[in-house]
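Enquirer: I would like the entire structure built from these sequences, with the hints used as guidance.
For the record, the sequence lines run as chains A and S.
When we follow the numbering used here, the leftmost residue of the first sequence carries the number 327, and every step to the right adds one.
When we follow the numbering used here, the leftmost residue of the second sequence carries the number 327, and every step to the right adds one.
Hints are computed from structural coordinates only; laboratory data are not their basis.
No false leads were slipped in.
List of simulated lysine-lysine pairs, DSBU-like, C-alpha gap at most 35 angstroms:
#1 A:K484 / S:K419
#2 S:K530 / S:K466
#3 A:K530 / S:K419
Beyond 12 angstroms from chain A on every Cβ pair, some chain S residues (computed):
#4 R523
#5 Q625
#6 E682
#7 S691
All residues carry an ideal CB built from backbone N, CA and C; glycine is no exception.
Number of protein chains: 2
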Amino acid sequence: MTLLLATAVYAQSPADRIIERELASTRAYETLSYLTDNIGPRLSGSKGAELAVKWTTKQLRDWGFDVRNEKVMVPHWVRGIERGRLVSHNDQKVVLTALGGSIATPAAGITAEVVEVTSYEQLAELGRAKIAGKIVFYNKAMDMALVESGQAFDAYGKAVIFRGGGASKAAEFGAVAAVVRSVATASLRTPHTGAMRYDEKQPKIPAAAITTEDADLIHRLIAKGERVRMQLVLTPKMLPDVESANVIAEIRGRERPDEVVLIGGHLDSWDLGTGAIDDGSGAAMVMETLRLLKELGIQPKRTIRGVLFMNEENGLRGGHRYFDNAAKREEVHKHIAAIETDAGAAPPVAFITTLEGAALERIQSRARVLSRIAPIQFTSSKHTGADTSPLTDAGVPGFGLVPDPRHYFDFHHTPADTLDKVDPKALAQNTAALAVLAWVIAEEGL
Amino acid sequence: MTLLLATAVYAQSPADRIIERELASTRAYETLSYLTDNIGPRLSGSKGAELAVKWTTKQLRDWGFDVRNEKVMVPHWVRGIERGRLVSHNDQKVVLTALGGSIATPAAGITAEVVEVTSYEQLAELGRAKIAGKIVFYNKAMDMALVESGQAFDAYGKAVIFRGGGASKAAEFGAVAAVVRSVATASLRTPHTGAMRYDEKQPKIPAAAITTEDADLIHRLIAKGERVRMQLVLTPKMLPDVESANVIAEIRGRERPDEVVLIGGHLDSWDLGTGAIDDGSGAAMVMETLRLLKELGIQPKRTIRGVLFMNEENGLRGGHRYFDNAAKREEVHKHIAAIETDAGAAPPVAFITTLEGAALERIQSRARVLSRIAPIQFTSSKHTGADTSPLTDAGVPGFGLVPDPRHYFDFHHTPADTLDKVDPKALAQNTAALAVLAWVIAEEGL
Chain A
327 MTLLLATAVY
337 AQSPADRIIE
347 RELASTRAYE
357 TLSYLTDNIG
367 PRLSGSKGAE
377 LAVKWTTKQL
387 RDWGFDVRNE
397 KVMVPHWVRG
407 IERGRLVSHN
417 DQKVVLTALG
427 GSIATPAAGI
437 TAEVVEVTSY
447 EQLAELGRAK
457 IAGKIVFYNK
467 AMDMALVESG
477 QAFDAYGKAV
487 IFRGGGASKA
497 AEFGAVAAVV
507 RSVATASLRT
517 PHTGAMRYDE
527 KQPKIPAAAI
537 TTEDADLIHR
547 LIAKGERVRM
557 QLVLTPKMLP
567 DVESANVIAE
577 IRGRERPDEV
587 VLIGGHLDSW
597 DLGTGAIDDG
607 SGAAMVMETL
617 RLLKELGIQP
627 KRTIRGVLFM
637 NEENGLRGGH
647 RYFDNAAKRE
657 EVHKHIAAIE
667 TDAGAAPPVA
677 FITTLEGAAL
687 ERIQSRARVL
697 SRIAPIQFTS
707 SKHTGADTSP
717 LTDAGVPGFG
727 LVPDPRHYFD
737 FHHTPADTLD
747 KVDPKALAQN
757 TAALAVLAWV
767 IAEEGL
Chain S
327 MTLLLATAVY
337 AQSPADRIIE
347 RELASTRAYE
357 TLSYLTDNIG
367 PRLSGSKGAE
377 LAVKWTTKQL
387 RDWGFDVRNE
397 KVMVPHWVRG
407 IERGRLVSHN
417 DQKVVLTALG
427 GSIATPAAGI
437 TAEVVEVTSY
447 EQLAELGRAK
457 IAGKIVFYNK
467 AMDMALVESG
477 QAFDAYGKAV
487 IFRGGGASKA
497 AEFGAVAAVV
507 RSVATASLRT
517 PHTGAMRYDE
527 KQPKIPAAAI
537 TTEDADLIHR
547 LIAKGERVRM
557 QLVLTPKMLP
567 DVESANVIAE
577 IRGRERPDEV
587 VLIGGHLDSW
597 DLGTGAIDDG
607 SGAAMVMETL
617 RLLKELGIQP
627 KRTIRGVLFM
637 NEENGLRGGH
647 RYFDNAAKRE
657 EVHKHIAAIE
667 TDAGAAPPVA
677 FITTLEGAAL
687 ERIQSRARVL
697 SRIAPIQFTS
707 SKHTGADTSP
717 LTDAGVPGFG
727 LVPDPRHYFD
737 FHHTPADTLD
747 KVDPKALAQN
757 TAALAVLAWV
767 IAEEGL
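Expert: This is the structure:
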């Protein structure tokens, strides 16, 4: 009886075994739980990020892997006090958070009139005459119809441009600070942080995200014809770069070990929450894929390499460092695919991929066993992930795991990105999908 | 043609006219908008509360009412710094807010081990041996099944006891501070404040509410067998009492002006949000009921008196002052009904009332025109409102307007209690329901 059962198990394909074992497991969730609950926020340069590198390295070693720490210098930006109030309206509090990379205000803050715009065109039309000395308020809401139709990342892309570049655009016309409406699909007065970058040709001015409620408040007051003056106090600091690392481990290929299927997520997180959906889940999926393949004794033809990238959020230094080192070793084109998971852990609905046409049809066919996990579609996209973008820009076929995105931006970059937002079953489904796709490509190619 | 239309209008009953006019109006919303957007938070003793008394008084006078400011001394508690971190777990931030009335911690904060309990029985079982020197963490979640069945206020009542009395109960066993799980039906790391009271027989210890996410985090760490130590820094202050006022205006009865149907909401709010649902909406409904009746020239047999109570949230001084003055003038039993609206502004679903049996059936029948607004039921309840509780305790028939309560505790006592949570149409429906019930009782009695 035992022998018969054992035979039945071994008759299953590796993909079937991956799926059955992973869907019955909470191991990915346990890994995520340590990263988020025991370590907590993991912004580049922080103690949390350092602990995450150490713990994931130790954990993978305990599971029997050779682990490599690929050194990389990362930015060390530290949030300080952040405070806003409407001095024109009874000193009402404005709930806000500094954007990552923002400079500080003077200690006493900046107090100025708020000018609302919804586009760069409108900003340019107002020009220096109306903008100089003011706080520019970018009030661009996410397109909820697009979000509900499943295109949340497109809606995000359209709304987020002001977070990234709005401060320097406003500075071009003499603004003294910029505030952006949080890029959010839900809010309970919840600020959404995220990276901003300065145009070196413009003066640097402080930048913050205000909650959608505060954005609506200021909009309504201005719409009533009232003059709105805000005081903004931000005290972040940019400290010297810190040495950190990408964490790398792999299942060596049994026939073509120098051909690599990369699976990657990022280890750093924003500082407000504990980075459960962004991207503790991705890191946990990558670690669990490696652990599971080893446990099951599955060794595909080609190598499956797991990379826990450092500094995706505010620099992408880890992604660039990985690529630069691969380029130095002339190994970029040994990567036959790069699969990134950095979109949360809701139930999986798709893989986006840079493949098109016949190649797209081929992988759809080869990976059809994914339907045992969930109805997972393959869809073409130019961009399949940030950390792997240097690879895909160089022509490596890219894949991005897409969990249902409709609620991702409820929590993304907020204090509410915490473990309770992740369902262990959905995380296991995502892990199984990642592991199966990696196995299929490593075994059968593209 | 004009004459015919006018005749048709005048043939309508006053209740029909109230409903038609109010449902086509956004006046209640405009009033609410000024209270929340232009004035903002209105905690007793604050500048916002003072402005609210002045502005509502002026507004009602502008509408042609004789307005009385009924003086009352109110507490003046001011929130300070509030900060928590898990010193045992990488200094992770704990998102929390001081409970109203809490004393401060020492400037350096209190650092101690956290002991989790879900009941006073469990606290007593642990006793002084396990509690002395610790921070007691009351982790009682709201019963979501009860909330979803429409019994949100019952679920609130069961969960909120630890917020009110938990600190002193913990102090009885030597605890150095108390934290409670936010009494919440939704959270994006959202702290819910609210009043707490000290038992004068026990040492006073600081008390805060942590978000449901932070409660879950601490619970999970303790469940893993880990020792959790927290630092808590709170710097609130209780300043000397401040003179404030209930704001009172009325439509005098045409036949029995000394018989009063009171309609009341409260003007103060917590300080974290702008008190749109709690209870700017109620105050706006009361003001708009008065304005509308005057505009329509509707003067019922008995007086309809609107009272905007001060200090419902952290003292109920306004409610008691109103009652005490009425008692001095021997006018308590001239109140033939007291209708309170302090449960938000979702679409109306019910009136709770202290009436039972035949009296309940009679009002249901007399007020059946309410069905033109929404399917509004009457249900018996011992408690129909806080500000009017001194009156109903003395035997005055009480009524409480009940908007759909299922999402009330998503926002209640949080920074997210802001104008955007109120739908102007639902606010108009509630106002119409309040105005119609007041008119029916003032005209036809109970």
